[in-house]
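Generate the whole structure from the sequences, applying the supplied hints.
So the sequences go chain by chain: A and B.
Just so it is clear: in the first sequence, position 60 is 60 by this note's numbering, and no numbers are missing.
Just so it is clear: in the second sequence, position 118 is 118 by this note's numbering, and no numbers are missing.
Honestly, the hints are just simulated from the structure, not real lab data.
Backbone N, C-alpha and C fix where the C-beta goes; we use that ideal spot for every residue, glycine too.
Careful: at least some of the hints might be erroneous.
[Claimed, not checked] Covered by chain B, per the in silico footprint, the following chain A stretches (three or more residues, Cβ under 8 angstroms):
| no. | stretch |
| --- | --- |
| 1 | 78–89 |
| 2 | 113–121 |
| 3 | 126–137 |
[To be verified] Derived, one-sided and incomplete: chain A residues facing chain B with beta-carbon distance under 8 angstroms:
| no. | residue |
| --- | --- |
| 4 | A95 |
| 5 | R153 |
| 6 | P157 |
[As the list claims (entries may be wrong)] Over the 12 angstroms line for every Cβ pair with chain A, so calculated as not near, a few chain B residues:
| no. | residue |
| --- | --- |
| 7 | P45 |
| 8 | G52 |
| 9 | T101 |
| 10 | L133 |
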Amino acid sequence: MTAVTTRVLRQPRSSARLPLLAVALAFATVALSACGDSDTPQSPTQTTQKIVEVFAGRLSPGGSGFYSFQVRTSDTASYTLASLTQVASGRAVEATLTLGVGVPAGEDCNVSSSTQAAPALAPQLSTNVSPGIHCVSLADPGALTEAANFAVRIQHP
Amino acid sequence: MVMARSTPRRLQYSVPALLVLALGTAGCSNNQNASAPTPAPRSSPVTETFQGTLPVDGSVWRLITAIQAGSLTARLSASDQPTAEVGLAVGLRHGGACLVTRDVIAQAGSAPQLSLAVDGGDYCVKVWDPGRLQSQLAFTVTITYP
Numbered sequence: 001m002t003a004v005t006t007r008v009l010r011q012p013r014s015s016a017r018l019p020l021l022a023v024a025l026a027f028a029t030v031a032l033s034a035c036g037d038s039d040t041p042q043s044p045t046q047t048t049q050k051i052v053e054v055f056a057g058r059l060s061p062g063g064s065g066f067y068s069f070q071v072r073t074s075d076t077a078s079y080t081l082a083s084l085t086q087v088a089s090g091r092a093v094e095a096t097l098t099l100g101v102g103v104p105a106g107e108d109c110n111v112s113s114s115t116q117a118a119p120a121l122a123p124q125l126s127t128n129v130s131p132g133i134h135c136v137s138l139a140d141p142g143a144l145t146e147a148a149n150f151a152v153r154i155q156h157p
Numbered sequence: 001m002v003m004a005r006s007t008p009r010r011l012q013y014s015v016p017a018l019l020v021l022a023l024g025t026a027g028c029s030n031n032q033n034a035s036a037p038t039p040a041p042r043s044s045p046v047t048e049t050f051q052g053t054l055p056v057d058g059s060v061w062r063l064i065t066a067i068q069a070g071s072l073t074a075r076l077s078a079s080d081q082p083t084a085e086v087g088l089a090v091g092l093r094h095g096g097a098c099l100v101t102r103d104v105i106a107q108a109g110s111a112p113q114l115s116l117a118v119d120g121g122d123y124c125v126k127v128w129d130p131g132r133l134q135s136q137l138a139f140t141v142t143i144t145y146p
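Following this line, the structure appears as structure tokens:
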């Protein structure tokens, strides 16, 4: 009898708590979805912001190297041989190197476009790129008399 | 007996409900904190002065950000040792380094010692001692950039 009574008493109390839980869940759902709305744009946003990567290393006389990067959307990419300095002193080296772009092929970069570039802070080369893996290469055509540190800035979509 | 059993039961529902409420509101307060003030647009080009003290055998550099393509000039405009020659360079700022693009050994003067075209981006202007200073040098470099 006590057990039956207990069961009867408990049932209404349990049901009475359910609306509170339901209201709390509904409130939290609304609150969380409102927070989510602020993170999610209502419509796609067009942006011209480019990804900037730097290919840096050391180049020996007559040497070459390349760097691969991933393009997400079709747009223009630009490449700047931005720095070429002496290893010991850090002074600028005013040599002209071969800057190229293309797509990776095995362990190399299959260059499709290139130019002769001296260090500058404005792009020496620009290309239209499509989504996928691309590469930028830097080679010394015979201008270096000793190893030099270099940096190539890549701005791509 | 019955009352003693029903009290923990009530807590069983109330505590999760309060937790859910707390989670819901806590998520929103984080979002409010995430809204950073939008930097005010600036004019272009701008001219600023880079003043500092160059230690013997040392170097110092300043970060600048070009908001569009244009011309960057750097002039060692003043120093407390007018005949002293120091290195002046501009370059690409990458991480915590200033990667030199062009440099010159210069004395303070009235015309820019360095001038070059730049794209929008982060750059640096560097002053260093090429090994000619006998004591630290106070300097001013005037920088104009887009």
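Going through the hints against the structure:
no.: 1; hint: 78–89; result: holds (count 5)
no.: 2; hint: 113–121; result: holds (count 3)
no.: 3; hint: 126–137; result: violated (count 0)
no.: 4; hint: A95; result: violated, 13 angstroms
no.: 5; hint: R153; result: holds, 6 angstroms
no.: 6; hint: P157; result: violated, 15 angstroms
no.: 7; hint: P45; result: holds, 14 angstroms
no.: 8; hint: G52; result: holds, 18 angstroms
no.: 9; hint: T101; result: violated, 5 angstroms
no.: 10; hint: L133; result: holds, 16 angstroms
In summary, the numbered hints that this structure violates are 3, 4, 6 and 9.
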